[in-house]
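K.L.:
Make a model of the complete structure from these sequences and hints.
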Amino acid sequence: MVGDFLVLDDCRLVYFPKITDFRGNLSFIEENSQIPFQIKRVYYLYDVPSGATRGGHAHKGLQQIIIALSGSFDVLLDDGVTKRSFFLNRPHYGLYVSPGVWRELENFSSNSVALSLVSAVYDESDYIRDYEVFKKGVIDYGSK
Numbered sequence: 002m003v004g005d006f007l008v009l010d011d012c013r014l015v016y017f018p019k020i021t022d023f024r025g026n027l028s029f030i031e032e033n034s035q036i037p038f039q040i041k042r043v044y045y046l047y048d049v050p051s052g053a054t055r056g057g058h059a060h061k062g063l064q065q066i067i068i069a070l071s072g073s074f075d076v077l078l079d080d081g082v083t084k085r086s087f088f089l090n091r092p093h094y095g096l097y098v099s100p101g102v103w104r105e106l107e108n109f110s111s112n113s114v115a116l117s118l119v120s121a122v123y124d125e126s127d128y129i130r131d132y133e134v135f136k137k138g139v140i141d142y143g144s145k
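Note that our numbering has the sequence shown beginning at 2, numbered continuously upward.
Quick caveat, the hints were computed from the structure, so don't treat them as lab data. All C-beta atoms, glycine included, are put in the ideal place defined by N, C-alpha and C. Please note that a few of the clues may not be correct.
[Unchecked claim] Straight-line alpha carbon distances no greater than 30 Å define the calculated DSSO-like cross-link-like pairs of lysine-lysine that follow: (1) Lys19 to Lys136; (2) Lys137 to Lys61; (3) Lys19 to Lys41; (4) Lys84 to Lys61; (5) Lys136 to Lys84; (6) Lys84 to Lys41; (7) Lys19 to Lys137; (8) Lys137 to Lys84; (9) Lys41 to Lys61.
[Claimed, not checked] The following label-pair restraints were derived from C-beta to C-beta distances: (10) Arg85 to Leu27: 28 to 36 Å; (11) His58 to Ser111: 19 to 27 Å; (12) Asp127 to Ile20: 30 to 38 Å.
P.N.:
Printed below as a string of structure tokens:
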């Protein structure tokens with residue numbers, strides 16, 4: 002939470018164009034069109050062992066879109082006041098995660114691939130990795 006603003010209110014599903022063809026479907030992503038930021042880094046999670054949880058952190062400034070390119074998984078979001086869960090299982094939509102939101106990815110199906118499009122290059126100082134510090138709200142996320 003930033004002031005009286007629930008940061009989780011910014012998080013939402015983002016749908017990408019889907020072109021259907023008998024040979025298979027095609028979707029595309031364009032920054033500053035479907036994505037509300039310039040893409041600075043792309044990474045993906047795969048071969049996640051059964052029962053494993055990924056994420057477990059928040060960002061001070063980084064914005065992110067998480068897409069299930071293959072398989073499925075749950076994304077649990079927490080802004081310190083409200084918690085929401087999103088089930089991702091199709092590559093033609095993704096989940097926008099705003100700064101100041103704790104995220105955990107879990108319940109990965111076999112052969113799942115989680116693609117992340119992010120607004121910044123890796124910067125360890127942008128991470129909040131201690132949930133208790135996050136919950137205390139002592140991190141300055143900037144003003145809304």
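K.L.:
Decide, hint by hint, whether the structure agrees.
P.N.:
Now the hints, each set against the structure:
1. Between Lys19 and Lys136 the CA atoms are separated by roughly 38 Å; this puts the pair beyond 30 Å, and the hint is violated.
2. Restraint check: the Cα-Cα separation between Lys137 and Lys61 comes to about 14 Å, which is no more than 30 Å; the hinted pair holds.
3. A C-alpha spacing of about 24 Å is found between Lys19 and Lys41, which places the hinted pair at or below 30 Å, so the restraint holds.
4. As the CA atoms of Lys84 and Lys61 are separated by approximately 18 Å, the hinted pair is consistent with the 30 Å bound.
5. Annotation: proposed proximity of Lys136 to Lys84 holds, straight-line Cα distance about 12 Å (limit 30 Å).
6. Using a Cα cut-off of 30 Å, the hinted pair Lys84 and Lys41 holds, with the two alpha carbons roughly 27 Å apart.
7. Distance check on the hinted pair: Lys19 and Lys137 sit about 42 Å apart at the alpha-carbon level, beyond 30 Å; violated.
8. Taken as a hint, the Lys137 and Lys84 pair is honoured in the structure, with Cα atoms around 16 Å apart against an allowance of 30 Å.
9. Note on Lys41 and Lys61: the hinted pairing holds, with a Cα-Cα distance of about 16 Å set against a maximum of 30 Å.
10. Between Arg85 and Leu27 the beta carbon distance is about 30 Å. The supplied range of 28 to 36 Å therefore holds.
11. Under the hint 19 to 27 Å, the C-beta atoms of His58 and Ser111, about 25 Å apart, fit the expected range.
12. For the pair Asp127 and Ile20, the beta carbons lie near 35 Å from each other, so the given range of 30 to 38 Å is met.
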